[in-house]
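Full structure from sequences and hints, please.
Number of protein chains: 4
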Amino acid sequence: MTNTNIFSLKMDARDHECDIQGVVNNAHYQHYFEHARHRFLLHHNIDFAVLAKQGIYLMVAKIEIEYKASLKAHDQFQITVEPEKISRLKVCFLQKIYNTQTQALMAIAKTTVVTIGNDNKPLRNSPLDALF
Amino acid sequence: MTNTNIFSLKMDARDHECDIQGVVNNAHYQHYFEHARHRFLLHHNIDFAVLAKQGIYLMVAKIEIEYKASLKAHDQFQITVEPEKISRLKVCFLQKIYNTQTQALMAIAKTTVVTIGNDNKPLRNSPLDALF
Amino acid sequence: MTNTNIFSLKMDARDHECDIQGVVNNAHYQHYFEHARHRFLLHHNIDFAVLAKQGIYLMVAKIEIEYKASLKAHDQFQITVEPEKISRLKVCFLQKIYNTQTQALMAIAKTTVVTIGNDNKPLRNSPLDALF
Amino acid sequence: MTNTNIFSLKMDARDHECDIQGVVNNAHYQHYFEHARHRFLLHHNIDFAVLAKQGIYLMVAKIEIEYKASLKAHDQFQITVEPEKISRLKVCFLQKIYNTQTQALMAIAKTTVVTIGNDNKPLRNSPLDALF
Numbered sequence: 410m411t412n413t414n415i416f417s418l419k420m421d422a423r424d425h426e427c428d429i430q431g432v433v434n435n436a437h438y439q440h441y442f443e444h445a446r447h448r449f450l451l452h453h454n455i456d457f458a459v460l461a462k463q464g465i466y467l468m469v470a471k472i473e474i475e476y477k478a479s480l481k482a483h484d485q486f487q488i489t490v491e492p493e494k495i496s497r498l499k500v501c502f503l504q505k506i507y508n509t510q511t512q513a514l515m516a517i518a519k520t521t522v523v524t525i526g527n528d529n530k531p532l533r534n535s536p537l538d539a540l541f
Numbered sequence: 410m411t412n413t414n415i416f417s418l419k420m421d422a423r424d425h426e427c428d429i430q431g432v433v434n435n436a437h438y439q440h441y442f443e444h445a446r447h448r449f450l451l452h453h454n455i456d457f458a459v460l461a462k463q464g465i466y467l468m469v470a471k472i473e474i475e476y477k478a479s480l481k482a483h484d485q486f487q488i489t490v491e492p493e494k495i496s497r498l499k500v501c502f503l504q505k506i507y508n509t510q511t512q513a514l515m516a517i518a519k520t521t522v523v524t525i526g527n528d529n530k531p532l533r534n535s536p537l538d539a540l541f
Numbered sequence: 410m411t412n413t414n415i416f417s418l419k420m421d422a423r424d425h426e427c428d429i430q431g432v433v434n435n436a437h438y439q440h441y442f443e444h445a446r447h448r449f450l451l452h453h454n455i456d457f458a459v460l461a462k463q464g465i466y467l468m469v470a471k472i473e474i475e476y477k478a479s480l481k482a483h484d485q486f487q488i489t490v491e492p493e494k495i496s497r498l499k500v501c502f503l504q505k506i507y508n509t510q511t512q513a514l515m516a517i518a519k520t521t522v523v524t525i526g527n528d529n530k531p532l533r534n535s536p537l538d539a540l541f
Numbered sequence: 410m411t412n413t414n415i416f417s418l419k420m421d422a423r424d425h426e427c428d429i430q431g432v433v434n435n436a437h438y439q440h441y442f443e444h445a446r447h448r449f450l451l452h453h454n455i456d457f458a459v460l461a462k463q464g465i466y467l468m469v470a471k472i473e474i475e476y477k478a479s480l481k482a483h484d485q486f487q488i489t490v491e492p493e494k495i496s497r498l499k500v501c502f503l504q505k506i507y508n509t510q511t512q513a514l515m516a517i518a519k520t521t522v523v524t525i526g527n528d529n530k531p532l533r534n535s536p537l538d539a540l541f
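Chains as they are written, first to last, in the numbering used here: chain Z, 410 to 541; chain F, 410 to 541; chain D, 410 to 541; chain A, 410 to 541.
There could be a bad hint or two in this list.
Just so you know, same-sequence chains aren't split out, so a pair can sit in one copy or run between any two.
To be verified - Listed next, the in silico EDC-like pairs over lysine to aspartate or glutamate satisfying Cα-Cα at most 16 Å (straight line):
1. K481 / D456
2. K519 / E475
3. K519 / E473
4. K499 / E475
5. K499 / D538
6. K471 / E493
7. K530 / E493
8. K499 / D484
9. K481 / D421
10. K462 / E493
Hints were generated in silico from the structure; no laboratory data involved.
Here's what the structure looks like:
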């Protein structure tokens, strides 16, 4: 987290997100990553909700998450977002979760997003192009 | 929200919490209310997660939610928490959600909590007594 | 559950719905109730998702849930749904959750639904009228 | 889905799992995959919840999900589960979601699970060994 140019969002683990094992359930990380990604996009004037109403859908085609350590109740963490254009139609978002208190790396995600139109086909002129 | 003595937590609606209707799904309000309540308790050194490990369970016996207006994607809001002891064994938490931008009242919840021990019976000496 | 005329849906508690206390988190009951209600409506040819696309919104105005006993991982349960017209604009759904194995009553919900149009005002001719 | 030896679980998409785009939110697929995986384990007498209480934690180390097509409200689907031992300490679960009506492949997941003890270290004798 030395690079201060990287977008980062502060969040905290909520009690109801923890499961029987006493740690945040895996699927909630995906919610965290999505929320940070959408905040990043909003910061660049790309609004997921508004686009959906216009028939422009940012669809996740693939996600890979590596879980390094477990978030627990009340843990505060930061999620970074770095976009990378990997083909004409695909954008990959590299994201990391760091425990705010210990600076430990908790999880890494790579999410590939494709922009789809009302005809369910990839759009060549994606709003995501503005990121690059 | 004129009474500055009332505990209040700032939150924001996440895109994934919105449903087909484009507004935050009802059940998520219950998550919001729970999270604010647990933060309020933590502020008073009552830790839901730690208590659960000790075999002391803060159980919701009843919840009533009135939905006044719909939260939408990106809406910022504040949740207040006011505890009231309603019987020897029951504590009721009165909570309200206000839209931060418009100050509009969005929802009201009354949640009745009972403290249960490992034998599944109400505890007479609840950690919640410290609130009064 | 002697009255076989009452609509009832079979469901089971999923591990990820259980929280630190090892029981199903309160807010998930609201998801269960909603899912059973929507299945009941679908059974009567009222499709929440299709209506939303047409600008007809079935909105929860109020919900009251009494938690009688805790659902645990793998518990199978049945949710009943009984509609009642409580005013020209409001329908109340009475719902109960029974543990399938023990027949114990686990929770009771009363949900008041109002039908809203695109102008955010109650619709006088609600699709819900077909239930009565 | 010709191989009838492969474990498979029937599920259906719930309205509240659909987001603003009108399709099931990505993170819910992870819940679906987890639920099917835990049912598969239970079928082999491996109980995630019971193990957690014994201090034996089945932890997801990595997950990869490919989204092929979108599940919509009311869609019924089947999730398959195939375990593979990929190292002394790691088990990978290959899972696929098929739309029940169309037989279309909707999503593929590879989930790597490690068994952890109370000391937060991998257990050499994992209950998962019984699968092979």
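- Message: At most 16 Å between alpha carbons: which applies to K471 and E493, within, between, both or neither?
- Response: within (14 Å within a copy, 21 Å between copies)
- Task: With 16 Å as the alpha-carbon cut-off, assign the pair K499 and E475 to within, between, both or neither.
- Result: The answer is between: 14 Å across copies meets 16 Å, while 21 Å in one copy does not.
- Intra- versus inter-subunit Cα pairing at 16 Å for K519 with E473: Intra 5 Å, inter 9 Å, cutoff 16 Å: intra and inter.
- Message: Treating 16 Å as the Cα threshold, decide for K481 and D421: within, between, both or neither.
- Response: within (9 Å within a copy, 21 Å between copies)
- Query: Between K519 and E475, at a C-alpha cutoff of 16 Å, which is it: within one copy, between copies, both, or neither?
  - Reply: Intra 9 Å, inter 12 Å, cutoff 16 Å: intra and inter.
- Go through the copies and call it for K530 and E493: within, between, both or neither, with a Cα cutoff of 16 Å. neither (21 Å within a copy, 35 Å between copies)
- Intra- versus inter-copy proximity for D538 and K499 (alpha-carbon distance at most 16 Å): For K499 and D538, the Cα distance is within 16 Å only inside one copy (10 Å; across copies 39 Å).
- Can you tell me if K462 and E493 fall within 16 Å by alpha carbon in one copy, between copies, both or neither? Neither: 25 Å inside a chain and 34 Å across chains, both beyond 16 Å.
- Query: Between K499 and D484, at a C-alpha cutoff of 16 Å, which is it: within one copy, between copies, both, or neither?
  - Reply: The answer is neither: 33 Å in one copy and 27 Å across copies each exceed 16 Å.
- At 16 Å max between alpha carbons, let me know whether K481 reaches D456 within a copy, between copies, both or neither. Between. Shortest inter-copy distance 13 Å satisfies the 16 Å Cα cut-off; intra-copy 30 Å does not.
Consistency note: the structure conflicts with the earlier hints numbered 7, 8 and 10.
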